[in-house]
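**Student:** Sequence:
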Amino acid sequence: MSALPQPDSSALAHSRAVSAAIAQEVTASDGWISFARFMEIALYAPGLGYYSAGLDKFGAGGDFVTAPEMSALFGQAVAAQAAQVLRLTGGDVLEIGAGSGKLALDLMLELERLDALPQHYRILELSADLRQRQQARIERNAPHLLPRFAWLDTMPQRFSGLVLGNEVLDAMPAHLVTWRAGQVFERGVSIADGRFAWSERPLTEGELLRQAQALPPAGFVSGESAYTSEINLAAQGFVRSLGQMLEQGMILMLDYGFGASEYYHPQRGGGTLMCHYRHQTHDDPFFLPGLQDLTAHVDFSAMAQAATESGLTLSGYASQANFLINCGLTELLARTSPEDPAAYLPLVAQVQKLMSPAEMGEFFKAIALSKGMQEIPLGFRRGDRSHTL
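The sequence shown begins at 1088 in the numbering used here and counts up by one.
One or more hints might be untrue.
Across the chosen pairs, the derived CB separations fall in these ranges [as the list claims (entries may be wrong)]:
1) Pro1433 to His1207: 32 to 38 Å
2) Gln1367 to Arg1288: 29 to 35 Å
3) Gly1398 to Ala1237: 22 to 28 Å
4) His1231 to Ser1096: 41 to 47 Å
5) Arg1422 to Leu1091: 38 to 44 Å
6) Thr1114 to Leu1213: 25 to 31 Å
7) Pro1428 to Trp1285: 51 to 57 Å
These are computed hints drawn from the structure, not numbers from a lab. Ideal placement from N, C-alpha and C gives every residue a C-beta, glycine not left out.
Produce the entire structure from the sequences given, and follow the hints as far as they go.
**Tutor:** Here is the structure:
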């Protein structure tokens, strides 16, 4: 990993503290923890984890750029979908993990323009640092809207309206599973020669084994070849909890991933685990714990299954490009005149990144899960791929 940028002394000290916390957990757990637990500590340990500590994460100064950071047009397009749900339910917006607050700001400003503001925009944010950044952004750019915002520590028991999550599911701790010679193993973390190391244990019972045995094609790997991938029980449980909470409205999740048949394709035998550090990607989760983001692609078939089990309806599944087109992205671009190239050309470049198959347009998907809504969601009226899940 020598080609990656090196942290300064304070960041390196922070990573050592995170590593020590993980090592303590490994030692206390008979020398082995699941990768899901490793990921949970590295990302979310209070005061230490990547999302809990005061590190730059988003934008040019961080480790990655999300769609809302890339362009205000993204939030403005999502606002069109939000306006439809708010009109049908008379409810509010609940955003899960609002990052820098850019999506919340752009969406609310556009809803204001559409005369469709909700009474409340609630943000479920577990990171105190991110919560402060979100509040500061809104207070700085739209102070008149700040009274409509409320930050939550826990999920509300009941909710009606739009539940929104952008790049939330991919950051939930995922289990790593290896299929080899007709057996199923869970891939976890141990310590060897003072360093974190991969270590496998046979799966003999439980929900993880049940799902692993049901998954093609990995469950049928024969011979000595191995197939490794992820099963995200936490994300499935999260979707079920949203289904139990939602009384009427829609859950909209945007993230990168595939349906199960593509997720567990024979040619994807190394899984989808990715690490993001200073705008570079690699596959070593043991590199500088606490200083890099760890993610796994979303199995949208599993999310749809979890949703239906909790009383939700799969109302749409589409590429991000199709979703944004349906929500009027090109019309939003047309608000700026091509005769003003200084303003127009940067927007064209942003739209290209959001919609191009070579960028985010196909790689990212949108899924809609609803309850008590009869209208087809705006973002899925054309190009719906729900049948592929």
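**Student:** Hints first: check each against the structure and report whether it holds.
**Tutor:** Hint-by-hint comparison with the structure:
| no. | hint | result |
| --- | --- | --- |
| 1 | Pro1433 to His1207: 32 to 38 Å | holds (33 Å) |
| 2 | Gln1367 to Arg1288: 29 to 35 Å | holds (31 Å) |
| 3 | Gly1398 to Ala1237: 22 to 28 Å | holds (26 Å) |
| 4 | His1231 to Ser1096: 41 to 47 Å | holds (43 Å) |
| 5 | Arg1422 to Leu1091: 38 to 44 Å | holds (40 Å) |
| 6 | Thr1114 to Leu1213: 25 to 31 Å | holds (26 Å) |
| 7 | Pro1428 to Trp1285: 51 to 57 Å | holds (52 Å) |
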